[in-house]
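4 protein chains.
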Amino acid sequence: MAEFEFQQKKVYYESYGSGEPILILNGIMMSTKSWGPFIENFSHNNRLILVDFFDQGQSARMTWAYDHGIQRALTGALLDHLGIENVNICGISYGAEVGLGFAVKHPERVRRLVLFNGAARTAPLLADIGHAWNEAAKLEGGLAYYLAAIPVIYSDAYYERQKDWMDKRKELLVPYFANPEVKERLIRLTNSSENFNVADELSRLDMPVLVVSAENDYLIPLREQETLIRGIKDVHHVVLPDCGHASIYEKPLLFCALTLGFINAAQTGFAL
Amino acid sequence: MAEFEFQQKKVYYESYGSGEPILILNGIMMSTKSWGPFIENFSHNNRLILVDFFDQGQSARMTWAYDHGIQRALTGALLDHLGIENVNICGISYGAEVGLGFAVKHPERVRRLVLFNGAARTAPLLADIGHAWNEAAKLEGGLAYYLAAIPVIYSDAYYERQKDWMDKRKELLVPYFANPEVKERLIRLTNSSENFNVADELSRLDMPVLVVSAENDYLIPLREQETLIRGIKDVHHVVLPDCGHASIYEKPLLFCALTLGFINAAQTGFAL
Amino acid sequence: MAEFEFQQKKVYYESYGSGEPILILNGIMMSTKSWGPFIENFSHNNRLILVDFFDQGQSARMTWAYDHGIQRALTGALLDHLGIENVNICGISYGAEVGLGFAVKHPERVRRLVLFNGAARTAPLLADIGHAWNEAAKLEGGLAYYLAAIPVIYSDAYYERQKDWMDKRKELLVPYFANPEVKERLIRLTNSSENFNVADELSRLDMPVLVVSAENDYLIPLREQETLIRGIKDVHHVVLPDCGHASIYEKPLLFCALTLGFINAAQTGFAL
Amino acid sequence: MAEFEFQQKKVYYESYGSGEPILILNGIMMSTKSWGPFIENFSHNNRLILVDFFDQGQSARMTWAYDHGIQRALTGALLDHLGIENVNICGISYGAEVGLGFAVKHPERVRRLVLFNGAARTAPLLADIGHAWNEAAKLEGGLAYYLAAIPVIYSDAYYERQKDWMDKRKELLVPYFANPEVKERLIRLTNSSENFNVADELSRLDMPVLVVSAENDYLIPLREQETLIRGIKDVHHVVLPDCGHASIYEKPLLFCALTLGFINAAQTGFAL
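Chains as they are written, first to last, in our numbering: chain A, 670 to 941; chain B, 670 to 941; chain C, 670 to 941; chain D, 670 to 941.
Bear in mind the hints are in silico, worked out from the structure with no lab data behind them.
Everything numeric in this text was worked out from a predicted model, so none of it was measured.
Just so you know, not all the hints are guaranteed correct.
Below are the PhoX-like pairs computed for lysine-lysine, each with C-alpha atoms no more than 20 Å apart in a straight line [claimed, not checked]:
#1 Lys837(B) x Lys702(B)
#2 Lys807(A) x Lys678(D)
#3 Lys774(C) x Lys852(C)
#4 Lys832(A) x Lys702(B)
#5 Lys852(A) x Lys774(D)
Covered stretches of chain D, as calculated for chain A (at least 3 residues, CB under 8 Å) [said to hold, decoys possible]:
#6 685 to 696
#7 707 to 720
#8 805 to 811
#9 816 to 826
Simulated restraints on C-beta separations [claimed, not checked]:
#10 Arg892(C) x Glu863(B): 27 to 37 Å
#11 Gln936(C) x Gln676(A): 32 to 42 Å
#12 Lys837(C) x Arg892(A): 51 to 61 Å
#13 Asn755(C) x Ala847(B): 31 to 41 Å
#14 Arg892(C) x Arg899(D): 27 to 37 Å
#15 Glu829(A) x Asn866(B): 25 to 35 Å
#16 Ala742(A) x Leu891(C): 33 to 43 Å
#17 Ala935(A) x Ala847(B): 30 to 40 Å
#18 Glu777(A) x Ala742(C): 43 to 53 Å
#19 Ala742(C) x Glu863(B): 45 to 55 Å
For glycine and all other residues, C-beta sits at the position ideal for the given N, C-alpha and C.
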């Protein structure tokens, strides 16, 4: 819907409604297109801003290796472009980590922060899971990449219960992943997380932060989330039982309720 | 602020704001007075309705033993009095159980249901914890009742972190519990839950239900909540880690975010 | 079966079989008599040593307030009396804490340590639960004390499943707790834990330590056990799901298997 | 050390010591060779029996697809060959499932059963993880298979803490997995689990069964273990916190303690 140039590269974004602004930062395999069914809900009382990171959706493709720094810079540039001083950020997985990194570097620009299935660093096990995806990308066709990257992000309960939905997704995703250009983008995005680590900078965060963990999230196990819980001063923690890494797919109503509820609720407490 | 007669007994309630209505049902030791700091937040986009159950706050005292039935009837009478067909209910502990019982009997009158630290029945262990409170009430003064009933409802982490707050509360509550009339009311309220059990009627619920469990809730352990999770068709489950039975005191911002978020969010899902 | 004098006070103990010695330290309401059904099992390949702490079973009654120090001293005196340099200790709750305190002060005398439902300190919440028990002891008869102290130590699942067993226990315990001398002893034992805290000395432990936690242990919640897990170098941790504080009653076969298995197994690991 | 023919195919096994017999059934990537460091410990008071399944270690290679039935038959044939009526079985992952299947079909031949990281069926998600391994096997060399199959079986804590050990294992395993014959065997073993499901036959088990679950086991999440817990009459359940699927590697002392303790402890309980 809209775009601007940052460092000579196109940044694609969308903006809906008005009110306290909410910027959603995508997970690695998502894009602005993923959010269609949520737009009405999120723009009812708020201004909703969606954006594609570099190598996502309709933003520019990269031609060299990079790290989260470029996506954080894109985030800041978007706020500048929109003339927004201070925004609420809701990040999912990769987007949670870019958002967390952005908030750590620029705490004054983030009013409230919601982190779904994110961590303060890429742990060695997660790095090697990423390497496994990159290896699978070497095989022709999209099946190997699909099998390496997709089942692992769901809880086994959802995977079984939603078999029809998963099968339809497989029909869409296997041909999508068969496209070498897509795999190259995903490899670059995956590699951009390899050295992510802001665990020692969490004390810089002074805004309320909602950490949403999923009980069956294998990519970001609860141990990693503990670092967030201990390191962030004004932290609020919720666990989604019976839910895997892709919590927004498994629990869409809770995603809306938690994000809108946390961003719009006034801070309060019981009087004595 | 307002009252009406039901079965010749006074029912005290308060109503604030307008919009999709939210009826809050109190925990056993709470009253309409507990909610002062939340009124602005909850009445911003919604109509907030507070009420004292019989034997609570400013509603009538009972003079005989009763069960949840009378409180459910009071709830229905309040909706009739206000001319509300269909309401969102947020219940806390005792109030969650009255609300759940009301929704099971009158599903058509409940749009969405939020249950904080409630169960579908009073388990034998919880019944005996109630008996322990009633025994402690026999000692003169309020200390024994305070020690029997209060520490057990907090997580040990909160109890330690908020020592000053707990000490101030103790100063208020020990003299309050020393009042024989107060103890008699609490005994009647406690006993009214003894035979509560709607576990076999949960399939009657067809509205979205948010179940909020606390990891360190000893009174309503997760096993009891499992009955809710398995029995309710459109159930959404969230666990608050590092939190005891009195979750609304330990996590007030999450209480607001979850309740307002869940009641006001549109139902949605990811398209394929 | 046997006794000796320590500080002019009688210490009662029992010893069975031969082999690598195992000293069992009782929970607060237990005594040597509790272990009858376990003797054959534990003395088959090991020397089993049972002992009553002061104010327990057949050891001397105290006439003044004390702390864990006197029970640790009793433990050391028993080993001296038996001429045992180095023993395996298995402690339950109160006994786990005395055993942990003893091991911290005298690591050279403990070969392996097994801690069922113990912590490194008495947290403020647990202290107040003890105060509630002491208040309940003021009421005549044993019912109030029974209701304050007993339900809380079981998981709700066990409490319901074993209703007949619980009812029989109630028949035995209510008259027992009605005895003022018994209540005085229990009050002294309870108070002796009030200031227990060895959290900062855990690094002195160099023996293998097995920490057994129960998922539904309200008295010693998992948060307190975390201190043990983080502080002890050679720690091995097991969680018993669906189990309360009185884990040895709820899971007797696992109690035997874990204790005998851990004490008698050789330390090993997978070669490359 | 010893072998016999079953259906014209070689079965390789080892036997050590005497006493109550323990048969260990290997995980999918293990063999009799894995157990060297445990032999002394396990044969001290027991007879230890190790065996290679078909397509494992020194037993015969298969030339066609098969399911668990053939490995169960091998297990029965081994007991016949050794003249053992009744054995204790300790199975790990794949071996737990073959052992569970064997016990369900022949309960009279199993005295006690210990299941590490096993389930009653292969859930759809686990089946697709297996498919991902099989896809990775198509790439030349052993790196893709290593990355697909190995990181996923450890907890992230262990993976990080034991980086040197993991690196050494990688140096051994990558060339091992590069061998096409090895990959073919692993593919056949993986596929043999695809249709495993004894969930509806668990009530046939009448022996004591120890179920050991690991908190961070992604391949066999706790939900699948619940089926075992609910379905087996005489079940005993232990959870290993901070531990992944390869629990025997992460917690070798607990593996020994639990297995030897459970198999050798007498059944007992507290008298009233």
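Here's how the hints hold up against the structure:
About 17 Å separates the Cα atoms of Lys837(B) and Lys702(B), which keeps this hinted pair within 20 Å; it holds. Distance hint between Lys807(A) and Lys678(D) is unfulfilled; the C-alpha atoms sit about 38 Å from each other, more than 20 Å. For the given pair, Lys774(C) sits about 30 Å from Lys852(C) by alpha-carbon distance, which is inconsistent with the 20 Å threshold. For the hint pairing Lys832(A) with Lys702(B), the CA-to-CA distance comes to about 49 Å; that exceeds 20 Å, so the pair is violated.
For the suggested pair Lys852(A) and Lys774(D), the alpha carbons sit about 47 Å apart, so the restraint of at most 20 Å is broken. Interface restraint, the stretch 685 to 696 of chain D with chain A: violated (0 residues with C-beta to C-beta distance below 8 Å; minimum three). Check on the stretch 707 to 720 of chain D: 0 of its residues sit with their Cβ under 8 Å from a Cβ of chain A, so the three-residue criterion for coverage is violated. Coverage of the stretch 805 to 811 of chain D by chain A holds in this model, with 3 residues showing a Cβ closer than 8 Å to a Cβ of that chain against a need of three.
Counting residues of the stretch 816 to 826 of chain D whose beta carbon lies closer than 8 Å to any beta carbon of chain A gives 8, which meets the minimum of three for the stated coverage. At about 31 Å, the CB distance of Arg892(C) to Glu863(B) agrees with the hint of 27 to 37 Å. At roughly 58 Å, the beta carbons of Gln936(C) and Gln676(A) sit outside the given window of 32 to 42 Å. For Lys837(C) paired with Arg892(A), a C-beta distance near 44 Å fails the hint of 51 to 61 Å.
Separation of Asn755(C) from Ala847(B) is about 55 Å and departs from the stated range, judged on CB atoms against 31 to 41 Å. The beta-carbon spacing between Arg892(C) and Arg899(D), approximately 28 Å, falls within the hinted interval of 27 to 37 Å. A C-beta distance of roughly 31 Å is found between Glu829(A) and Asn866(B), which places it inside the suggested range of 25 to 35 Å. Here the CB-CB span from Ala742(A) to Leu891(C) is close to 42 Å, well matched to the stated 33 to 43 Å.
For the pair Ala935(A) and Ala847(B), the beta carbons lie near 35 Å from each other, so the given range of 30 to 40 Å is met. At roughly 59 Å, the beta-carbon separation of Glu777(A) and Ala742(C) lies outside the given 43 to 53 Å, and the hint is violated. For the hinted restraint 45 to 55 Å between Ala742(C) and Glu863(B), the CB-CB distance of approximately 47 Å keeps it satisfied.
Checked against the numbered hints above, the structure violates hints 2, 3, 4, 5, 6, 7, 11, 12, 13, 18; every other hint is satisfied.
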